[in-house]
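There are 2 protein chains.
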Amino acid sequence: MSGFIKVVGLGPGNGALITPQVQAALDLATDIVGYIPYVARVTPRDGLVLHASDNRVELDRAHNALEMARAGKKVVIVSSGDPGVFAMASALFEALEAMPSYQDMAIEILPGITAMLAASAALGAPLGHDFCAINLSDNLKPFALIEKRLRLAAQADFAMAFYNPRSASRPEGFTRVLDILREECSPHQLIMFARNVSRPDQTLLTVNLQEARGEMADMRTLVLLGNSQTRRVGPFVYTPRFSTDGA
Amino acid sequence: MSGFIKVVGLGPGNGALITPQVQAALDLATDIVGYIPYVARVTPRDGLVLHASDNRVELDRAHNALEMARAGKKVVIVSSGDPGVFAMASALFEALEAMPSYQDMAIEILPGITAMLAASAALGAPLGHDFCAINLSDNLKPFALIEKRLRLAAQADFAMAFYNPRSASRPEGFTRVLDILREECSPHQLIMFARNVSRPDQTLLTVNLQEARGEMADMRTLVLLGNSQTRRVGPFVYTPRFSTDGA
Chain H
87 MSGFIKVVGL
97 GPGNGALITP
107 QVQAALDLAT
117 DIVGYIPYVA
127 RVTPRDGLVL
137 HASDNRVELD
147 RAHNALEMAR
157 AGKKVVIVSS
167 GDPGVFAMAS
177 ALFEALEAMP
187 SYQDMAIEIL
197 PGITAMLAAS
207 AALGAPLGHD
217 FCAINLSDNL
227 KPFALIEKRL
237 RLAAQADFAM
247 AFYNPRSASR
257 PEGFTRVLDI
267 LREECSPHQL
277 IMFARNVSRP
287 DQTLLTVNLQ
297 EARGEMADMR
307 TLVLLGNSQT
317 RRVGPFVYTP
327 RFSTDGA
Chain F
87 MSGFIKVVGL
97 GPGNGALITP
107 QVQAALDLAT
117 DIVGYIPYVA
127 RVTPRDGLVL
137 HASDNRVELD
147 RAHNALEMAR
157 AGKKVVIVSS
167 GDPGVFAMAS
177 ALFEALEAMP
187 SYQDMAIEIL
197 PGITAMLAAS
207 AALGAPLGHD
217 FCAINLSDNL
227 KPFALIEKRL
237 RLAAQADFAM
247 AFYNPRSASR
257 PEGFTRVLDI
267 LREECSPHQL
277 IMFARNVSRP
287 DQTLLTVNLQ
297 EARGEMADMR
307 TLVLLGNSQT
317 RRVGPFVYTP
327 RFSTDGA
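Protein sequence lines correspond, in order, to chains H and F. Each residue of the first sequence is one higher than the one before, counting from 87 in my numbering. Each residue of the second sequence is one higher than the one before, counting from 87 in my numbering.
One should not assume that every hint holds.
Copies of the same chain look alike in the list, so a pair counts if it works inside one copy or between any two.
[To be verified] In silico SDA-like links for lysine to any residue, alpha-carbon gap of 25 Å or less:
#  : residue 1 : residue 2
1  : K159      : V293
2  : K159      : P106
3  : K227      : E270
4  : K227      : Q241
5  : K159      : E180
6  : K227      : R237
7  : K227      : V319
8  : K227      : T330
9  : K227      : D243
10 : K227      : S329
Note that these hints are calculated values from the structure, not bench results.
Please model the entire structure based on the sequences and the hints provided.
In structure tokens form, the structure reads like this:
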């Protein structure tokens with residue numbers, strides 16, 4: 087038996103952003119495991135079994151992958167973006183923690199282009215100085231913790247990347263996020279909405295924080311907030327490398 | 087004339103982490119511009135001119151690239167990792183800001199695998215929850231600002247990625263960083279040192295914060311600090327997706 091699990095990042099959508107390392111893993115796989123729209127990005131071929139499952143069953147999916155690998159399958163778990171950023175790698179390790187007899191399994195995580203890097207590149211260089219990444223999905227943590235992090239990150243003058251800003255089930259959450267940011271930041275600070283980033287239907291929108299509205303984001307949108315120095319140059323938005331600002 | 091500038095990320099070192107999009111740009115280039123060790127990673131060929139320059143001349147390099155593109159050259163500026171994370175994209179826009187007549191130039195930023203994503207993948211999934219990225223190079227900002235950000239990020243319980251932790255010219259800086267983190271965090275919090283990440287001579291070291299010493303990092307090291315929940319599972323380190331911690 088020479089089963090393995092590789093957890094790979096497919097990048098944000100454009101096939102030209104899939105690394106050769108990830109492509110080689112896909113070419114070697116016997117079984118592909120993942121959320122339905124990500125599995126759909128893998129080209130079917132003879133001998134390759136596709137196991138697509140719904141959202142919010144990450145632990146079942148990880149458990150299933152471990153069982154298949156134990157049985158000798160070459161299992162590739164696919165994530166969008168990077169598997170280590172709000173994606174399947176942590177879910178696999180959560181499952182592994184509960185299954186100590188599987189901890190000698192051949193497991194590898196292969197990085198990918200996460201959405202904030204593709205969005206930043208499409209816009210210019212808004213993440214060119216210190217920044218943070220916050221998952222706004224509040225089924226993973228209490229909103230009070232999100233609020234605390236937003237306020238501290240604003241006080242640190244980090245640029246910020248927001249994943250999963252808005253879902254149909256809690257459309258008001260992102261509006262509250264904007265209200266908190268407006269309390270902590272300048273109304274002129276730039277905020278950017280990158281939807282379907284790297285895909286043919288990509289759209290980019292940059293506004294001031296005072297003009298931002300909750301409806302500008304949905305679950306296909308990556309939101310970036312500039313820091314106090316972020317500005318426009320020609321058609322681009324960038325954050326300077328230098329800061330002379332003290333504490 | 088159909089000159090252009092593409093600012094591309096070569097990833098952290100392993101050629102299998104260069105995206106096909108970036109490879110296509112390299113194949114199309116007439117001129118490659120960048121820091122000596124990054125230009126050395128581009129395969130020479132007939133018709134391709136390599137312009138390698140030293141560190142800390144980023145603005146001259148950007149100015150030169152703009153002049154060549156204006157003259158019709160197909161210029162590719164190479165960065166290690168991702169060009170938008172503590173790299174050449176911001177330097178190019180700084181140069182562009184001072185040269186308004188060049189702002190109609192065809193400029194594109196092509197993302198790459200930044201070191202923290204490759205380090206995180208090699209270690210497991212320590213960035214699986216909210217995190218921040220801080221450049222510790224204090225020739226870009228006063229140390230007081232670094233200190234402020236470290237304290238606020240620790241209070242937010244972000245996992246943290248530290249770029250440029252330690253240079254020969256200021257070896258004591260990273261020791262001060264560790265002292266500040268020990269004031270704000272649990273002594274048992276995990277800190278990870280990934281040196282030459284993704285290369286054949288990659289080394290990984292994970293210790294508790296109380297055991298960490300300045301000499302564990304040099305300028306080829308990417309340092310990751312876990313959050314309060316980050317833990318080991320088998321040979322890996324990961325941060326759970328969930329947090330039940332309130333504010």
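Could you tell me which of the numbered hints above are not met by this structure, giving the numbers in increasing order?
-> 1
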